[in-house]
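J.: Chains as they are written, first to last, in numbering that gives the first Met the number 0: chain L, 0 to 324; chain W, 0 to 495; chain P, 0 to 162.
I should point out that these hints are in silico values taken from the structure, not numbers from a laboratory.
Any given hint could turn out to be false.
[As the list claims (entries may be wrong)] In silico SDA-like pairs for lysine to any residue, Cα to Cα no more than 25 Å straight-line:
#1 81/L to 159/P
#2 242/L to 226/L
#3 380/W to 125/P
#4 490/W to 8/P
#5 219/L to 340/W
#6 82/W to 8/P
#7 82/W to 140/P
#8 58/L to 158/P
#9 185/L to 479/W
#10 81/L to 27/P
#11 185/L to 336/W
#12 288/W to 485/W
#13 58/L to 55/P
#14 178/L to 40/P
#15 219/L to 349/W
#16 219/L to 341/W
#17 185/L to 468/W
#18 293/W to 78/P
#19 293/W to 75/P
#20 81/L to 100/P
#21 82/W to 121/P
#22 219/L to 140/W
#23 490/W to 55/P
#24 185/L to 152/W
#25 490/W to 3/P
Keep in mind that this is a model prediction, so the values were computed, not measured.
One letter stands for each residue in the lines below.
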Amino acid sequence: MTLRKLGAACALGLGLIATTAFAEYPERPINMVIPYGPGGATDISARAIAEPLGHAVGKPLVMSNITGAGGATGSVAVQNAKGDGYTMLFARVGSHTVNPAMKATLPYTLDDFRFVTVYEINPVACAVRPDSGIETIEDLVALTNKEGSSYSSSGVGSMLHLAAVFVLDEFGVENPLEKATHIPQKGGGEAATAVLNGTVTFICTNTSALAGFVANGQLKPILVTTAEPVVGFDAPTAVDLGKPALTQLVGWTGIAGPDDLPDEVAAKWGAWMAEAANDPGFVDQMNALGSVIHVMSPEEANTFIQKQYETFRALVDKLGMRIEG
Amino acid sequence: MSLFDNVMAGLALVGNINAFLSLAIGIVIGVIGGAIPGISATMAVALALPFTFPMEAINGILLLLGVYKGGIFGGSIPAILIKTPGTPASSATVLDGHPMAARGEAGRALGMALWASCTADLISNLSLILFAGWLASFALSFGPPEFFALILFSLTIIAGVSGDSLLRGALSALLGLLLATIGLDLIYGTNRFTFGDPNLMGGLNFIAVLIGLFAIPEILNTVWHPTGHLGNVQKLGKNWVTFADYRRCFKTIVRGSFIGVFLGSIPGIGAAPAAFLSYSEARRKSPNKANFGKGEIEGVAASEAGNNGVAGATLIPLLALGVPGDVITAIIIGAFMVHGLQPGPMMFVMNSDIIYGLFIGLIFSSALLFVIGGLAIRGFKPVADIPRRILMPMVLVLCIYGVFAVNNNLFDVGVMFVMGWVGFVMGRCHIPAAPFLIAFILGPMLEDNFRQAMLMSGGSPVILLRGPITWFFWGVTALTVIAIARGSLDKARETG
Amino acid sequence: MNQQAIQLRLGIVAMLAAAFLIFYAIPNWVSSPSNVRNLVLSPLFWPYILSGLTGLVGLGLVIAGRRMSATTEPVNDAIEDPRAGLVRLCAMAGLMALVFWAMPRLGMVWTSMLAFAAMAFLIRTRHPVTAVVCAALTPLVLYAFFAHVAGVAIPQGILVRLP
Numbered sequence: 000m001t002l003r004k005l006g007a008a009c010a011l012g013l014g015l016i017a018t019t020a021f022a023e024y025p026e027r028p029i030n031m032v033i034p035y036g037p038g039g040a041t042d043i044s045a046r047a048i049a050e051p052l053g054h055a056v057g058k059p060l061v062m063s064n065i066t067g068a069g070g071a072t073g074s075v076a077v078q079n080a081k082g083d084g085y086t087m088l089f090a091r092v093g094s095h096t097v098n099p100a101m102k103a104t105l106p107y108t109l110d111d112f113r114f115v116t117v118y119e120i121n122p123v124a125c126a127v128r129p130d131s132g133i134e135t136i137e138d139l140v141a142l143t144n145k146e147g148s149s150y151s152s153s154g155v156g157s158m159l160h161l162a163a164v165f166v167l168d169e170f171g172v173e174n175p176l177e178k179a180t181h182i183p184q185k186g187g188g189e190a191a192t193a194v195l196n197g198t199v200t201f202i203c204t205n206t207s208a209l210a211g212f213v214a215n216g217q218l219k220p221i222l223v224t225t226a227e228p229v230v231g232f233d234a235p236t237a238v239d240l241g242k243p244a245l246t247q248l249v250g251w252t253g254i255a256g257p258d259d260l261p262d263e264v265a266a267k268w269g270a271w272m273a274e275a276a277n278d279p280g281f282v283d284q285m286n287a288l289g290s291v292i293h294v295m296s297p298e299e300a301n302t303f304i305q306k307q308y309e310t311f312r313a314l315v316d317k318l319g320m321r322i323e324g
Numbered sequence: 000m001s002l003f004d005n006v007m008a009g010l011a012l013v014g015n016i017n018a019f020l021s022l023a024i025g026i027v028i029g030v031i032g033g034a035i036p037g038i039s040a041t042m043a044v045a046l047a048l049p050f051t052f053p054m055e056a057i058n059g060i061l062l063l064l065g066v067y068k069g070g071i072f073g074g075s076i077p078a079i080l081i082k083t084p085g086t087p088a089s090s091a092t093v094l095d096g097h098p099m100a101a102r103g104e105a106g107r108a109l110g111m112a113l114w115a116s117c118t119a120d121l122i123s124n125l126s127l128i129l130f131a132g133w134l135a136s137f138a139l140s141f142g143p144p145e146f147f148a149l150i151l152f153s154l155t156i157i158a159g160v161s162g163d164s165l166l167r168g169a170l171s172a173l174l175g176l177l178l179a180t181i182g183l184d185l186i187y188g189t190n191r192f193t194f195g196d197p198n199l200m201g202g203l204n205f206i207a208v209l210i211g212l213f214a215i216p217e218i219l220n221t222v223w224h225p226t227g228h229l230g231n232v233q234k235l236g237k238n239w240v241t242f243a244d245y246r247r248c249f250k251t252i253v254r255g256s257f258i259g260v261f262l263g264s265i266p267g268i269g270a271a272p273a274a275f276l277s278y279s280e281a282r283r284k285s286p287n288k289a290n291f292g293k294g295e296i297e298g299v300a301a302s303e304a305g306n307n308g309v310a311g312a313t314l315i316p317l318l319a320l321g322v323p324g325d326v327i328t329a330i331i332i333g334a335f336m337v338h339g340l341q342p343g344p345m346m347f348v349m350n351s352d353i354i355y356g357l358f359i360g361l362i363f364s365s366a367l368l369f370v371i372g373g374l375a376i377r378g379f380k381p382v383a384d385i386p387r388r389i390l391m392p393m394v395l396v397l398c399i400y401g402v403f404a405v406n407n408n409l410f411d412v413g414v415m416f417v418m419g420w421v422g423f424v425m426g427r428c429h430i431p432a433a434p435f436l437i438a439f440i441l442g443p444m445l446e447d448n449f450r451q452a453m454l455m456s457g458g459s460p461v462i463l464l465r466g467p468i469t470w471f472f473w474g475v476t477a478l479t480v481i482a483i484a485r486g487s488l489d490k491a492r493e494t495g
Numbered sequence: 000m001n002q003q004a005i006q007l008r009l010g011i012v013a014m015l016a017a018a019f020l021i022f023y024a025i026p027n028w029v030s031s032p033s034n035v036r037n038l039v040l041s042p043l044f045w046p047y048i049l050s051g052l053t054g055l056v057g058l059g060l061v062i063a064g065r066r067m068s069a070t071t072e073p074v075n076d077a078i079e080d081p082r083a084g085l086v087r088l089c090a091m092a093g094l095m096a097l098v099f100w101a102m103p104r105l106g107m108v109w110t111s112m113l114a115f116a117a118m119a120f121l122i123r124t125r126h127p128v129t130a131v132v133c134a135a136l137t138p139l140v141l142y143a144f145f146a147h148v149a150g151v152a153i154p155q156g157i158l159v160r161l162p
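Make the full structure from the sequences, and use the hints.
T.: This is how it looks when you write it as structure tokens:
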């Protein structure tokens with residue numbers, strides 16, 4: 000058996016959990032795949048919504064972390080699953096807009112999934128060390144142009160990687176790939192640590208990952224990419240600085256199924272999400288982490304994701320960042 | 000507020016039955032989870048996390064810490080009894096623990112594991128309380144060049160676990176290093192030996208490799224020679240660890256605990272390397288050097304002290320800097336944040352009652368671990384009496400479930416089977432498995448940190464010698480290599 | 000086989016493996032972007048280093064093996080009937096392949112029951128009745144634990160679904 004077949008067989012295994020035509024969907028537990036490891040932003044968000052969502056669905060939701068390759072391993076498991084609504088995916092900005100935009104070798108495309116909702120938006124902020132002498136984004140741009148700078152990310156093709164390049168490009172750094180060095184780390188926590196210990200100059204990531212360091216005065220935010228200021232982040236917004244294009248740069252978490260998911264299943268998910276996201280406990284938990292709850296209908300979600308993908312893709316093509324190997 | 004006020008405020012927070020109950024429940028969950036191969040301490044903490052959301056902040060966090068500590072100890076139970084490390088951290092325990100069990104001294108090995116774990120746990124907690132601030136500032140001076148030097152030094156452990164032949168140990172380590180290159184390249188994101196398969200892009204699952212390398216060859220050996228065990232008594236037996244054993248190993252335990260504390264306070268190393276480093280140091284210093292790997296109780300003590308020494312110390316960067324030391328503390332940070340707490344220097348000012356409450360709870364956790372661990376050993380005792388030819392199929396099924404559960408991926412079960420055959424062939428050729436495992440853990444770290452350092456310096460190797468920390472580790476690496484070279488030359492002269 | 004023979008064979012295998020990696024596997028199966036700025040940063044650098052070291056260790060094994068005094072002492076204890084042992088090992092390999100194939104189709108629980116029973120009889124257990132009972136119970140207990148306590152989605156086949 001070839002490796003490809005083995006892989007298909009594995010995914011089939013997950014698919015077979017979800018067989019039999021649905022008399023009244025759902026009639027048994029639903030397997031929810033989280034393509035990132037425990038403790039990450041996606042995992043915490045998914046597990047926080049699992050409880051209210053489980054009540055709305057009326058059947059248990061089984062959370063499965065399938066980690067690896069920047070979210071690709073778990074995404075492929077759902078891509079190959081049967082489209083009966085018993086295997087769903089917590090999709091994330093990294094796995095479903097940045098990765099498809101940057102990686103030519105990715106085993107899936109956006110069209111392989113049907114999004115039923117996007118329920119959470121995380122603003123993005125850029126931060127430096129307070130003793131770095133960088134006070135504003137202009138300082139950073141000047142430094143990058145003059146001496147060069149460096150930034151950390153949670154890996155090639157992660158949102159952090161694209162975000163730093165996007166910000167530098169918007170603020171007029173010519174050829175940001177040459178002038179700013181990308182030093183990838185193993186994960187989001189390591190990426191933040193790399194700024195703290197001086198390995199890199201700056202980081203652009205979700206505010207939830209930075210909130211603790213900013214509150215403690217260990218990191219200084221210099222930019223948030225939303226239109227509105229973010230609580231706790233004393234930094235100008237992208238709109239204040241006259242770069243509204245940067246508002247496309249936000250993190251999000253949504254739920255998707257395989258592309259052959261039937262309409263009635265998608266419609267049911269829309270209704271469940273609307274109910275679950277109103278749960279005060281869930282809203283409080285997510286707000287405490289700096290996320291904005293914003294439930295989109297399946298159509299809105301598709302438009303939102305498509306637009307973000309196209310923005311990212313245009314940037315990647317312009318700078319020649321696409322990974323072909 | 001004075002220290003006394005802080006301690007009183009902390010006591011007020013944890014001085015109730017709920018706090019202790021949470022801690023005890025956590026330890027029970029951890030020990031049971033750790034004892035089941037495939038449910039690592041990481042997974043047990045992740046599973047327990049959602050249940051702590053409705054609890055009070057301090058109780059929830061104590062429960063998770065209990066799971067962590069219990070899990071690291073619990074892993075040693077199957078490592079000793081059925082040669083299957085319950086968590087990666089207990090893989091060093093297999094080296095001497097299982098031979099002891101095969102000799103009919105499982106009870107003594109388990110007892111020593113418990114005593115060493117609790118002692119190390121206590122030392123680790125006390126270090127956290129006393130040195131948190133100092134060690135935390137040290138942790139941030141570790142950038143890629145320092146990590147590179149530290150990991151290079153850690154690779155010299157391989158010489159300590161190679162057994163008779165250093166060359167075969169090196170071969171085993173190289174095999175581990177080569178297999179660890181499978182997956183996506185860190186710096187460029189390109190494919191290495193993935194053949195376009197999404198399952199391989201994430202690299203080989205570490206637990207699948209670990210269980211494949213240790214547990215499956217045991218099964219295959221039984222298949223090859225089903226009656227080979229007859230005549231060897233494998234019973235828990237009457238012999239329990241004695242105080243004399245403990246006193247003999249005390250120095251090793253303390254040394255192992257401090258190795259654990261040191262490595263634990265540096266983010267990104269983890270408990271498994273600490274256990275191996277402690278083991279190889281113990282072997283180097285021990286008068287019974289030759290007996291290591293053949294069932295030396297000091298080896299069990301060293302590994303368990305090393306891995307439990309990490310458990311308290313990983314909280315140092317967590318509490319003092321808000322930086323998670325390993326995956327488990329990354330999950331625990333989630334629990335802090337859900338309760339609206341921001342770990343970091345400000346927490347010592349704003350939530351000092353919680354910090355001191357945690358400290359007090361942690362001190363008691365060592366004692367609770369001792370009691371609960373002792374009960375667990377008795378609970379798992381019957382495993383040693385199961386006839387081998389019933390036990391082995393049982394281990395097979397357990398491994399299948401456990402390895403699947405780690406990443407919900409059937410592909411990992413396939414990886415485990417294949418690694419099982421690799422391990423079996425290595426065993427037949429007398430190639431030790433431990434160097435493979437150490438290399439598999441440390442190899443990617445060595446490569447990644449090297450390349451990160453090169454990125455920082457723009458390709459100049461001078462950065463690898465940029466400060467006193469790197470000089471120190473390069474120095475000790477050089478000394479160790481010289482010592483190993485002299486040792487093997489002497490040996491070659493003796494035999495040749 | 001004695002120690003010396005094993006040592007020599009290991010050395011030769013290691014050198015062959017290194018040659019295969021350097022001349023075939025790495026150029027074909029490791030991809031590197033065209034715009035690598037520095038040789039040491041290339042994704043190929045580390046695999047080449049490791050392969051080279053493997054070759055050196057192989058050479059070392061051969062040299063050390065040649066210097067060893069030849070003994071006739073076998074490396075592993077002989078077993079009564081090596082041929083039957085080999086047949087059992089092949090059967091076990093087949094069983095593992097079958098388990099891997101059957102898990103997504105039959106479900107993990109039923110497959111493990113069959114695997115347990117098959118293996119117990121392969122190694123000629125002295126307690127056949129106990130083995131059958133354990134074969135039926137162990138997977139069920141593990142299923143109950145993993146699916147209902149740990150919340151893991153254990154693969155269920157197309158045949159009979161467990162609650």
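J.: Determine for every hint whether it applies to the structure shown.
T.: Checked hints:
For the hint linking residue 81/L to residue 159/P, the alpha-carbon distance of about 18 Å falls within 25 Å, and the restraint holds. The hinted pair formed by residue 242/L and residue 226/L meets the criterion: a straight-line CA distance of about 10 Å does not exceed 25 Å. With a CA separation close to 22 Å, the supplied pair residue 380/W and residue 125/P stays within the 25 Å bound. The suggested pairing of residue 490/W with residue 8/P holds, with an alpha-carbon distance near 22 Å, which does not exceed 25 Å.
This hinted pair checks out: residue 219/L and residue 340/W have alpha carbons roughly 19 Å apart, not beyond 25 Å. Note on residue 82/W and residue 8/P: the hinted pairing is violated, with a Cα-Cα distance of about 29 Å set against a maximum of 25 Å. Between residue 82/W and residue 140/P the alpha-carbon distance is near 22 Å, which keeps this suggested pair within the 25 Å criterion. With a C-alpha separation of about 22 Å, the suggested pairing of residue 58/L with residue 158/P holds against the 25 Å cut-off.
The suggested pairing of residue 185/L with residue 479/W is violated, with an alpha-carbon distance near 29 Å, which exceeds 25 Å. With a CA separation close to 34 Å, the supplied pair residue 81/L and residue 27/P exceeds the 25 Å bound. Distance restraint check for residue 185/L and residue 336/W: the Cα-Cα separation of roughly 22 Å lies within the 25 Å cut-off, and the hinted pair is therefore satisfied. Distance restraint check for residue 288/W and residue 485/W: the Cα-Cα separation of roughly 16 Å lies within the 25 Å cut-off, and the hinted pair is therefore satisfied.
Taken as a hint, the residue 58/L and residue 55/P pair is broken in the structure, with Cα atoms around 60 Å apart against an allowance of 25 Å. Taking the CA atoms of residue 178/L and residue 40/P, the gap is near 17 Å; set against the 25 Å cutoff, the hint holds. Distance hint between residue 219/L and residue 349/W is fulfilled; the C-alpha atoms sit about 20 Å from each other, no more than 25 Å. A C-alpha spacing of about 16 Å is found between residue 219/L and residue 341/W, which places the hinted pair at or below 25 Å, so the restraint holds.
Among the hinted pairs, residue 185/L with residue 468/W is consistent with the structure: their alpha-carbon atoms are about 22 Å apart, no more than 25 Å. For the hint linking residue 293/W to residue 78/P, the alpha-carbon distance of about 22 Å falls within 25 Å, and the restraint holds. With a CA separation close to 16 Å, the supplied pair residue 293/W and residue 75/P stays within the 25 Å bound. For the given pair, residue 81/L sits about 19 Å from residue 100/P by alpha-carbon distance, which is consistent with the 25 Å threshold.
For the suggested pair residue 82/W and residue 121/P, the alpha carbons sit about 21 Å apart, so the restraint of at most 25 Å is met. Restraint check for residue 219/L and residue 140/W: satisfied, since their Cα atoms lie roughly 19 Å apart, inside the 25 Å limit. Using a Cα cut-off of 25 Å, the hinted pair residue 490/W and residue 55/P holds, with the two alpha carbons roughly 20 Å apart. Taking the CA atoms of residue 185/L and residue 152/W, the gap is near 21 Å; set against the 25 Å cutoff, the hint holds.
In summary, the hint linking residue 490/W to residue 3/P is supported, as the alpha carbons are separated by about 17 Å, within the 25 Å threshold.
Taken one by one, the earlier hints fail for this structure at numbers 6, 9, 10 and 13, listed in ascending order.
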